[in-house]
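*Asks:* Chain residues, written in single-letter form:
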Amino acid sequence: MARIIVVTSGKGGVGKTTTSASISTGLAKRGYKTVVVDFDVGLRNLDLIMNCERRVVYDFVNVIQGDATLNQALIRDKRVNTLYILPTSQTREKEALTPEGVEKVIKELSETFDYVICDSPAGIEHGALMALYHADEAIITTNPEVSSVRDSDRILGILQSKSWRAESGLEPVKEHLLLTRYNPDRVERGEMLSVADVEEILAIPLLGVIPESQVVLNASNQGLPVILEEDSDAGQAYDDAVARLLGEEREQRFLTSQKKGFFSRIFKGG
Amino acid sequence: MRFLDYFKGKKTASSATVAKERLQIIVAHERGQRDQPDYLPKMQQEILEVIRKYVQISDDMVQVDVDRNDNCSVLELNVTLPERGDTPS
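Chain order of the listed sequences is W and F. Taking numbering that gives the first Met the number 0, the leading residue of the first sequence gets 0, the next gets one more, and so forth. Taking numbering that gives the first Met the number 0, the leading residue of the second sequence gets 0, the next gets one more, and so forth.
If you are wondering where the hints come from, they were derived from the structure by calculation, not from laboratory data. It is possible that some hints are incorrect.
Sample of chain F residues facing chain W (criterion: CB under 10 Å; computed from the structure) [as the list claims (entries may be wrong)]:
#1 13
#2 15
#3 16
#4 18
#5 21
#6 25
#7 30
Some chain F residues flagged as far from chain W (calculated, every beta-carbon gap over 12 Å) [claimed, not checked]:
#8 14
#9 17
#10 20
#11 22
#12 26
#13 29
#14 32
#15 34
#16 38
#17 41
#18 46
#19 58
#20 77
The beta-carbon is built from N, C-alpha and C at its ideal position, and this holds for glycine as well.
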């Protein structure tokens, strides 16, 4: 039986797809058979972040409607061979993801995979509800910013009432806070909510903190999950998050500003 | 100006502190509403209409809350009546 993990946030643009790509790649790199599923019907983008946009033939909706088998729609990643991508459809019919269809696909994926990562669309409507419904765990992607934190709290409420686990009275969805685009310099200057502030408000366990980094944009430009940028701070922070997701103890890094010394400023050009 | 503030020892709340305080208030409020039964807003409206048959009151003068304890829920109804001769529009 697979673990089903939804990457969600409520608010858009906080880094759900970036996180889905990196978490799934990290799990697959450790040898777990992993599939990452794009639930953002109409606005397909996971394929672009995973660099397989030109290999999409069939999609999630084709599988639901019986026009293709799951194996025809799954795309195997070229870098990590235990990683698969299920792209979403670009149809404008948002209801294309029927609850029955989603259930059938998730069940079938659960039989062969160790991890199913569901990349949720923004918002709290149909697509987002479908993405979180079957989840065993949820990664709440949050920016240290008021609207993102408030939306994360809304999504937590929905997970606690509208998920399959909640409706069936099972053990609740395991919640993880992932703080992204964290800027320690601004936190130190009192211009940005700190990790402790967000943890206190949302009151869920911290999975990791991803520092705001130029590497993230550079990686997405190239269709590279940022976790594969192993020398970068953001890549390492995602790797730590994956380790913690698997139960390893890892100390938090990148929480303080990396002040550049006099020499490195001169030799690296600041 | 921040440079001068430093020497004056002037303490202005940082924007992050303001953000945290605002979030704590709104999140607590929204969580309270989330746990309330779905029928509450409609019931509040109907109670308001009944009271209006007798006294002129405005929407914010009725407050309905549900307090849930271990094995019972308490419906709390708070109505502020206008002072005599003082009828709100």
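*Asks:* Look at each hint and say if it fits the structure.
*Replies:* So, going through the hints one by one against the coordinates:
1. A least Cβ separation of about 3 Å between residue 13(F) and chain W falls short of the 10 Å threshold, and the interface hint therefore holds.
2. Look at residue 15(F): its Cβ gets to within about 5 Å of chain W, closer than 10 Å, so that hint holds up.
3. Taking 10 Å as the C-beta contact cut-off toward chain W, the hint placing residue 16(F) at the interface holds, the least distance being around 7 Å.
4. About 5 Å separates the beta-carbon of residue 18(F) from the nearest beta-carbon of chain W, less than 10 Å, and the hint is met.
5. Given the 10 Å rule on beta carbons, the hint for residue 21(F) holds: about 7 Å separates it from the nearest Cβ of chain W.
6. Because the beta carbon of residue 25(F) sits about 6 Å from the nearest beta carbon in chain W, less than 10 Å, this interface hint is met.
7. Because the smallest distance between the Cβ of residue 30(F) and any Cβ of chain W comes to about 7 Å, under 10 Å, the interface hint for this residue holds.
8. A beta-carbon of chain W is positioned within 12 Å of the beta-carbon of residue 14(F); the least distance is around 6 Å.
9. Distance check on residue 17(F): its Cβ comes as close as 9 Å (rounded) to a Cβ of chain W, failing to clear the 12 Å threshold; non-interface status is violated.
10. The claim that residue 20(F) is not at the interface with chain W is violated, since a C-beta of that chain comes within 12 Å of its own (minimum 10 Å).
11. The claim that residue 22(F) lies off the interface is violated: its Cβ sits roughly 5 Å from the closest Cβ of chain W, which falls inside the 12 Å cut-off.
12. Listed as outside the interface, residue 26(F) is inconsistent with that label: its C-beta sits roughly 5 Å from the nearest C-beta of chain W, within the 12 Å cut-off.
13. At roughly 7 Å, the least C-beta separation between residue 29(F) and chain W is not larger than 12 Å, which violates its mark as non-interface.
14. A cut-off of 12 Å between C-beta atoms contradicts the statement that residue 32(F) is not in contact with chain W; the least separation is 10 Å.
15. Remark: the non-interface label on residue 34(F) conflicts with the geometry, its nearest Cβ contact in chain W lying 9 Å away (cut-off 12 Å).
16. Every C-beta of chain W lies more than 12 Å from that of residue 38(F), the closest at about 16 Å, which supports listing it as non-interface.
17. Residue placement check: residue 41(F) keeps its beta carbon more than 12 Å from all beta carbons of chain W (closest about 19 Å).
18. The Cβ of residue 46(F) lies farther than 12 Å from every Cβ of chain W, with a closest approach of about 26 Å, so its non-interface assignment holds.
19. Distance to chain W confirms residue 58(F) as a non-interface residue, since its nearest Cβ pair spans about 24 Å, more than 12 Å.
20. Interface exclusion of residue 77(F) from chain W stands, the closest Cβ pair being 25 Å apart, more than 12 Å.
Against the hints set out earlier in the document, violations occur for numbers 8, 9, 10, 11, 12, 13, 14, 15.
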